Each structure stands twice: as C-alpha cells, then as structure tokens.
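2 protein chains.
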Amino acid sequence: MGAQSSAALGVSFDPTSPIAADHPGVTELFAVLAYGEISAFYRLAEEAKLSPTLRGKVAVAKMASAEMDHFKTLEAALADRGIDVFDAMAPFVRALDAYHASTDPSTWLESMVKFYVGDGIAADFYGEIAGALSPDVAAVVRDVLAETSHSEFVIEEVRRAVSASRSQRDRLTLWGRRLLGEAITQAQYVMAQRDELTDLVLTATGDLNGIAALFERMQDSHAKRMAVLGI
Amino acid sequence: MGAQSSAALGVSFDPTSPIAADHPGVTELFAVLAYGEISAFYRLAEEAKLSPTLRGKVAVAKMASAEMDHFKTLEAALADRGIDVFDAMAPFVRALDAYHASTDPSTWLESMVKFYVGDGIAADFYGEIAGALSPDVAAVVRDVLAETSHSEFVIEEVRRAVSASRSQRDRLTLWGRRLLGEAITQAQYVMAQRDELTDLVLTATGDLNGIAALFERMQDSHAKRMAVLGI
Chain A
1 MGAQSSAALG VSFDPTSPIA ADHPGVTELF AVLAYGEISA FYRLAEEAKL
51 SPTLRGKVAV AKMASAEMDH FKTLEAALAD RGIDVFDAMA PFVRALDAYH
101 ASTDPSTWLE SMVKFYVGDG IAADFYGEIA GALSPDVAAV VRDVLAETSH
151 SEFVIEEVRR AVSASRSQRD RLTLWGRRLL GEAITQAQYV MAQRDELTDL
201 VLTATGDLNG IAALFERMQD SHAKRMAVLG I
Chain B
1 MGAQSSAALG VSFDPTSPIA ADHPGVTELF AVLAYGEISA FYRLAEEAKL
51 SPTLRGKVAV AKMASAEMDH FKTLEAALAD RGIDVFDAMA PFVRALDAYH
101 ASTDPSTWLE SMVKFYVGDG IAADFYGEIA GALSPDVAAV VRDVLAETSH
151 SEFVIEEVRR AVSASRSQRD RLTLWGRRLL GEAITQAQYV MAQRDELTDL
201 VLTATGDLNG IAALFERMQD SHAKRMAVLG I
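So the protein sequences, as listed, match chains A and B. UniProt numbering puts the first residue of the first sequence at 1, with every later residue one more than the last. UniProt numbering puts the first residue of the second sequence at 1, with every later residue one more than the last.
I should point out that these hints are in silico values taken from the structure, not numbers from a laboratory. Hints are supplied without guarantee of correctness; some may be wrong.
[Stated by the list, open to error] Listed below are several chain B residues computed to face chain A (Cβ distance under 10 angstroms; list not exhaustive): (1) Val58; (2) Ala64; (3) Lys72; (4) Glu75; (5) Val93.
All values derive from a computational prediction rather than experimental measurement. Ideal Cβ positions, reconstructed from N, Cα and C, are used throughout, including at glycine.
Could you build all of it, start to finish, from the sequences and the hints given here?
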C-alpha cells in the first residue's frame with residue numbers, strides 16, 4: 001500500500017530505469033519467479049525418475065538444487081520488502097501448475113527438452129523485463145535466471161538422440177513448439193489476472209506493440225535454442 | 001592401488017589419528033555417504049508430496065537441496081583422490097535402496113520422523129568414525145553431516161501431532177524403532193561386503209566390542225531423539 005502509493009506518485013523514481021524499485025508489480029514479479037523455482041524443483045525431481053542412468057539423475061538433482069538456491073534469493077528479497085513469500089506466491093500457483101500439467105513429459109528426452117527450452121523461454125521473458133528495472137531489482141532477477149552449466153548435459157544427450165533417429169527428432173520438434181505455446185498461454189492468463197504485474201510488463205516493453213515485439217523476439221530465440229538441440 | 005599399498009606400509013600415517021588419510025576405506029566412506037545424499041535427495045523430493053501445505057513442501061525442498069550441497073562436497077573430495085564418484089558409489093546402491101524401500105513412509109508424519117531420526121542415526125554413526133580420521137578427512141565427514149536448521153520444522157510438526165493423538169504417538173513410536181532396526185541391518189550388510197570400509201570402522205572403534213559399544217551408544221541417542229519428538 002505504502003509502496004503502491006509512492007510508486008503512483010513517482011517517489012524514488014530512478015530516471016535511468018522506467019520501473020521504480022517500489023513499483024508494486026516488483027513484488028508480483030519476485031513471487032511468480034519464486035513459485036516458478038518451487039514448481040521447477042519438484043518437476044525436476046519427479047522427472048529425474050525417467051533417467052536411465054544414475055549420472056542423469058544426479059545431473060538433474062543438481063539442477064533442482066540450483067532452483068532452490070534461486071528460491072531462497074527471492075524469499076529473502078521479498079522478506080526485505082516485508083512480504084511473506086507464501087502469501088505472495090498464492091495467486092500464481094494455478095497458472096504455473098497448469099503449465100506443468102499440460103506439458104507433462106512422457107520420456108526422459110521430452111523432460112530434458114523441457115528443462116532446456118522452458119528455462120530459455122523464462123530467461124528471455126524475464127531478462128527483457130530486467131532491462132527496465134532499477135539496478136537492485138534487476139540484479140535479483142538476473143541472479144535467479146543465471147544459466148547453470150548443467151544444461152550442457154542436456155544439449156549433449158538430446159543431440160545424440162536426435163542425430164540417431166529421425167522420428168525422435170520429429171517428435172521432439174513438435175514437443176518444443178508445444179512448450180512455447182503453453183508458456184505463452186499461461187503468461188497471457190497471468191497478465192489478464194494480475195494488474196500490477198501487467199503494468200510492470202507494459203512499462204518495461206513500452207506498450208501492447210512492445211509486448212507483441214517481445215513475443216516475436218522470444219520466438220526467434222526459441223528457434224535458435226531448438227537448433228542448438230538439433231531439432 | 002597406490003593409496004592402498006602406502007596405507008598398508010603405514011606411509012603418511014598421522015600418529016594423532018588412527019586412520020591415515022590414504023586408508024582405502026576412506027574412499028568407500030565418502031562413496032557411501034555420497035550415495036546416501038543422492039538417495040536422501042530423491043526420497044525427500046518424493047515424500048514432500050505427502051505434505052499438506054506448500055510451506056511443508058518448501059521446507060522439505062530446502063532439506064533436499066542441502067543434501068545435494070553435501071553430495072557436491074563428497075564428489076569433489078573423491079575427485080581430489082582421482083576417484084569417480086559414480087564408480088565409487090555403485091557397490092552401495094543396493095543396501096541404501098533396500099533401507100529406503102523397507103522404510104517407505106505412508107504418511108507425512110512418518111516421512112518427517114524418518115527425516116529426523118534417519119539423519120540422526122547417520123550422524124551418530126559417521127560422527128563417531130570421524131573422531132578417528134585424519135583432520136582433512138574428518139572435516140569432510142563433519143561438513144556433510146552438519147545438521148540443518150530445517151529439522152526444527154520437523155520437531156514442531158511431530159510434537160504437535162503426537163500431543164493431540166495417543167494413537168498417532170503409538171504408531172510413530174513403533175515406526176521410529178523400525179527405522180533404527182532397518183538402518184542397523186543395512187549397515188551390517190554393507191560391512192559384511194566391504195572389507196576396506198569394515199577395516200576402517202574396526203580401526204575407528206577399536207575392535208568388535210568397540211562396534212558393539214558404538215551400536216549401544218547409537219541406541220541411547222536414538223531414544224533421546226525420539227523423546228525430543230515426543231514419542
């Protein structure tokens with residue numbers, strides 16, 4: 001409330017970044033990122049069961065553990081603002097759970113494509129938003145999006161599989177497209193529900209055309225990531 | 001091989017600690033601890049599904065993530081010795097998987113008692129062994145056994161449940177006893193299979209009487225932990 005009105009009045013507005021540190025959408029941004037980390041943790045831990053090797057299971061457990069480190073960063077950033085992370089995350093549970101339910105991998109390769117492609121989509125979206133945030137807020141966002149070296153493991157496994165099998169490649173290509181489509185669907189659902197977060201995204205991108213341009217850039221990056229995987 | 005023969009010759013034997021850093025059982029000790037961390041990670045992630053609240057799920061995800069930090073410490077300690085962690089862990093997979101399969105919790109409270117009591121049993125056993133290890137090796141063991149603050153969460157939840165229900169208390173008391181029994185069964189199985197690790201444990205405890213005395217002390221500590229939980 002205090003933060004909201006001071007943002008509305010432009011108090012503590014940093015002229016070099018369009019979005020003030022106390023914009024109320026920042027809390028929602030941290031919260032959606034935080035629930036994203038939790039749900040990624042449990043998905044990774046669950047999907048690791050599909051791994052044919054202990055080496056694969058351990059690589060995935062390390063990725064899951066990195067998600068929890070990110071969660072702790074966001075929990076602390078919210079606590080600094082006097083916000084309880086559990087209260088803040090509640091409005092985002094449904095959309096993120098729906099994304100994961102609609103993209104439930106049935107094979108280890110689908111899991112791995114999802115780790116890689118899903119992380120990339122999130123990093124593109126939040127990375128662009130970060131450019132418009134005040135330095136302290138942007139630092140938190142960039143910290144939790146930092147790519148881990150574990151994704152190299154994914155690239156190698158997927159490239160090997162698709163170079164050996166045309167039908168695998170076709171299946172995973174469709175799978176990758178579906179991941180992007182579902183992610184955009186859920187992002188739109190969240191934006192329709194959460195005014196403050198939407199205001200933050202609109203401010204970061206300029207206007208509705210800016211959002212459309214952002215989604216186009218995300219599609220280009222997605223295509224490049226798919227190419228890296230050989231699909 | 002090199003490490004093995006120099007240990008046999010007493011080379012680099014530290015007179016202040018009965019077990020030289022290059023005792024071949026040290027590699028096995030690190031390996032069994034490493035696989036213990038991996039299996040604990042996956043058990044925690046799996047059992048967290050039983051949690052009735054997101055707060056509980058997150059507390060467990062943090063515990064799981066701490067297990068992976070410990071795994072990385074052990075992986076690095078083995079790498080320093082020129083040992084691949086996956087090769088080293090292989091002989092211990094069966095016994096640890098058997099322990100977890102025979103103590104599969106059916107409720108969230110059973111899970112939480114298992115986290116707390118299982119961690120305590122392991123910490124007692126390895127902590128006593130650590131006292132006989134050379135300082136560098138002991139430091140690794142103590143580091144990965146360090147208790148986390150998350151177990152406070154477990155104590156509160158269990159105490160609340162058992163003070164409210166006598167039948168819960170009776171069930172969990174039996175459950176706690178079974179955990180100790182299964183842990184000792186699997187420890188004996190491992191010792192019967194792994195000569196180098198057994199030699200290390202015998203050296204640390206003095207002799208077979210020393211091992212028996214260690215198991216008695218573990219039973220005392222176990223009873224104290226059960227009392228802390230109110231069972």
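Hint check results:
no.: 1; hint: Val58; in the structure: 6 angstroms, holds
no.: 2; hint: Ala64; in the structure: 7 angstroms, holds
no.: 3; hint: Lys72; in the structure: 7 angstroms, holds
no.: 4; hint: Glu75; in the structure: 8 angstroms, holds
no.: 5; hint: Val93; in the structure: 8 angstroms, holds
When the structure is compared with the earlier hints, no violation turns up for any of them.
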